[in-house]
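K.L.:
Chain A is fixed; fit chain B onto it per the hints.
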Amino acid sequence: MSRYYRSMESAIHQSCLECLERPDRVFCDMPAEALKDFDELKSLSRYPRGTVLFREGHPARGIFVLCQGRVRLSVSSESGRRLTLRIAGPGEVLGLSASLADSPHEMMAELLDNAQVAMVKRKDLLRFLRDHREACLQVVNLLSRDLHTAYDRVRSVGLPRSRRSRALRIH
Amino acid sequence: MLSPYGLDIIESCLTCKTRTERLFCDLPASALQAFENIKYATAYPKGAVLFVEGQAPRGIFVLCKGRVKLSICAPDGKTLIVKIADPGEVLGLSASVSGKPYELTAETVDPCQVNFVKREDFLRFLKEHPDACFKVAEQLSEKYNTACHEVRSLGLSHSAGEKLARLLLEWSSRNGETAKQEPRLKLALTHEEIAQMIGTSRETVTRLFGDLKKRQILQTKGSTLVIRNKAALKLLASNN
Numbered sequence: 000m001s002r003y004y005r006s007m008e009s010a011i012h013q014s015c016l017e018c019l020e021r022p023d024r025v026f027c028d029m030p031a032e033a034l035k036d037f038d039e040l041k042s043l044s045r046y047p048r049g050t051v052l053f054r055e056g057h058p059a060r061g062i063f064v065l066c067q068g069r070v071r072l073s074v075s076s077e078s079g080r081r082l083t084l085r086i087a088g089p090g091e092v093l094g095l096s097a098s099l100a101d102s103p104h105e106m107m108a109e110l111l112d113n114a115q116v117a118m119v120k121r122k123d124l125l126r127f128l129r130d131h132r133e134a135c136l137q138v139v140n141l142l143s144r145d146l147h148t149a150y151d152r153v154r155s156v157g158l159p160r161s162r163r164s165r166a167l168r169i170h
Numbered sequence: 000m001l002s003p004y005g006l007d008i009i010e011s012c013l014t015c016k017t018r019t020e021r022l023f024c025d026l027p028a029s030a031l032q033a034f035e036n037i038k039y040a041t042a043y044p045k046g047a048v049l050f051v052e053g054q055a056p057r058g059i060f061v062l063c064k065g066r067v068k069l070s071i072c073a074p075d076g077k078t079l080i081v082k083i084a085d086p087g088e089v090l091g092l093s094a095s096v097s098g099k100p101y102e103l104t105a106e107t108v109d110p111c112q113v114n115f116v117k118r119e120d121f122l123r124f125l126k127e128h129p130d131a132c133f134k135v136a137e138q139l140s141e142k143y144n145t146a147c148h149e150v151r152s153l154g155l156s157h158s159a160g161e162k163l164a165r166l167l168l169e170w171s172s173r174n175g176e177t178a179k180q181e182p183r184l185k186l187a188l189t190h191e192e193i194a195q196m197i198g199t200s201r202e203t204v205t206r207l208f209g210d211l212k213k214r215q216i217l218q219t220k221g222s223t224l225v226i227r228n229k230a231a232l233k234l235l236a237s238n239n
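Residue numbers (numbering that gives the first Met the number 0), protein chains in the order written: chain A, 0 to 170; chain B, 0 to 239.
So here's chain B without its partners, still in its complex pose:
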């Protein structure tokens, strides 16, 4: 079935083709059937808010398709993007487990398919299925590692330029373009959003991009970014 957002909705986890590649979803048959019984498959347009920071936890959201922006907010309205979650990730996990309010705000970047599971159902599911419990522990570990990574890059970088260089290198490595002489990456975020990822202003990001282009380190072709001089970018990233 084709939904209004052009999403191909996967109704059942049992017949999902991408399941085996996903860390959480690759469950043994009995656990998968139990999960199938408690989940609700839902679709959201771009820009929909799944949950808000401070809200009491309703449950978990398994991201099937699309990407979700996870951010934290300061009382003065300043936003910091902690992560862009990819398909396969489970959102709202730690809040649902501990019962504390959601610590992040989750907003869809693309049209998304999300499988929602109510908190009580999820906790019961974890108790009954040790394999799922183990997978949740793995997911939480990875989230914890990224959070620590985030603290390091925000707290110990000297300049916005250093942080931007690091972010670009990280993205190119995630696309599997590291080995190439001139890695390419698709810039899916606006300058404003990049600014929120590295904790600076939109103006600074635009100025830094201009600067990198002028120095022939970067080249843009539409929304595709080509890293022309990887060595120089690496030097910027490790500049102390």
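Isolated chain A (complex conformation):
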């Protein structure tokens, strides 16, 4: 194994406290105390590519922090046509809005790569956010960012330049 791959392997740790990628990630870069609590709440799993983390309409069990890999977020019609909202990358938090609003998931999240995911249950998350105000602010920042991209998507879908460009966006 080359040195590069070895360093990739060691960058993602079982424990958030030892993770080398952490300082670069918006959500993960939290104060030591909050991080310790988060580390205790999370359960880490590895999933193969193609795994569905959650589906539209299903109740929100919790949030998924993507340590590695990419996720396709999409919405679908009753007939099964699918429209990609965006592709999420490492460091992103998925299922946040459904967990906080306590509503069913508005989208489906499907892994595009083999990925490592840290899951935190909804109840634990709510308690964690109440205990740690920095994390709560972080979440507010993340949601604002997500909302901006969602409105961009509304714009591109609802006000397309031409029929052709709109058709190309449906997968």
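Hints are supplied without guarantee of correctness; some may be wrong.
To be verified - Capping the alpha-carbon separation at 25 Å, the derived lysine to any residue pairs in SDA-like fashion look like this: (1) Lys126(B) to Val25(A); (2) Lys233(B) to Val25(A); (3) Lys99(B) to Arg132(A); (4) Lys117(B) to His148(B); (5) Lys233(B) to Ser102(A); (6) Lys82(B) to Ser155(A); (7) Lys99(B) to Arg85(A); (8) Lys117(B) to Leu141(A); (9) Lys126(B) to Leu22(B); (10) Lys82(B) to Ser76(A); (11) Lys82(B) to Val25(A); (12) Lys77(B) to Asp123(A).
No lab work stands behind these hints, which were simulated from the structure alone. Owing to the predicted nature of the structure, the values given are computational and were not obtained by experimental measurement.
P.N.:
Just chain B now, with coordinates in the frame of chain A:
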């Protein structure tokens, strides 16, 4: 005090009677006092623009009374209404938090009372009051969910008829009329505005309404709409 627009202005959040029913406003006493100190109570007539898409964020607007139309615009002038905001909603939230330009245009539909908070004050307020921060996260989540919903209905519906049927069912469910055999709803928007909500032309909306009336699915009495045949409307809404 009665304002020129017939609005009963609520000067202080501390004595506001509707506060407890509102998601954001129902804050603990200390946070509420802090909010009271940084907010400016203002009244706007119908058709006033609170902020414009692309403008640098000045702050947030808490809607106390009246409704506000939130829309996005294409360079060719075509407008898409994303949402009609109801009292209790906080507008301009994500732009104020992230510092990016406002992504929507907010225009009042009725005479409105709006409590404005400057961006710097608001950010400081969030840092100092975790409860408020949590409420903001909840509000943003709901906004995000509606935005995703909007993408789905715009991007994956086959026809304007389907979208209109869905919109009417949604409105009737929000009025708490779902359980009734023949739900009624007050049509507060013009055909033009409905067209902008479902991404079609005014002519198409007028034609669709005519069609629904002819098929005895809808009936209009002034500005009140009666859904005569809910099953048929549901079928139209789920037509794939």
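K.L.:
Quickly compare the C-alpha distance for Lys126(B) and Val25(A) to 25 Å and report which way the hint goes.
P.N.:
Cα-Cα ~17 Å, so holds.
K.L.:
Taken at face value, is the distance from the CA of Val25(A) to the CA of Lys233(B) at most 25 Å?
P.N.:
Violated, at roughly 43 Å.
K.L.:
Is Lys117(B) within 25 Å of His148(B), Cα to Cα?
P.N.:
violated, 30 Å
K.L.:
Is the hinted pair Lys126(B) and Leu22(B) satisfied, with a Cα-Cα distance of at most 25 Å?
P.N.:
Status holds; Cα separation ~19 Å.
K.L.:
Is Lys117(B) within 25 Å of Leu141(A), Cα to Cα?
P.N.:
holds, 21 Å
K.L.:
Are the Cα atoms of Lys82(B) and Ser155(A) separated by 25 Å or less?
P.N.:
holds, 16 Å
K.L.:
For Lys77(B) and Asp123(A), compute the direct alpha-carbon distance and say whether it is at most 25 Å.
P.N.:
Violated, at about 45 Å.
K.L.:
Is it true that the CA of Lys233(B) sits at most 25 Å from the CA of Ser102(A)?
P.N.:
Holds, because 22 Å separates the two Cα atoms, which is no more than 25 Å.
K.L.:
Hinted pair, alpha-carbon criterion (25 Å max): Lys82(B), Val25(A). Please report holds or violated.
P.N.:
Violated, at roughly 29 Å.
K.L.:
Does the alpha-carbon distance linking Lys99(B) and Arg85(A) stay inside the 25 Å limit?
P.N.:
At roughly 19 Å apart (the allowed maximum being 25 Å), Arg85(A) and Lys99(B) satisfy the hint.
K.L.:
Does Lys99(B) pair with Arg132(A) here, judged by a C-alpha cut-off of 25 Å?
P.N.:
OK: Lys99(B) and Arg132(A) at ~23 Å, within 25 Å.
K.L.:
Would you mind confirming whether the straight-line C-alpha gap from Lys82(B) to Ser76(A) stays at or under 25 Å?
P.N.:
At roughly 21 Å apart (the allowed maximum being 25 Å), Ser76(A) and Lys82(B) satisfy the hint.
Checked against the numbered hints listed earlier, the structure breaks hints 2, 4, 11 and 12; every other hint is satisfied.
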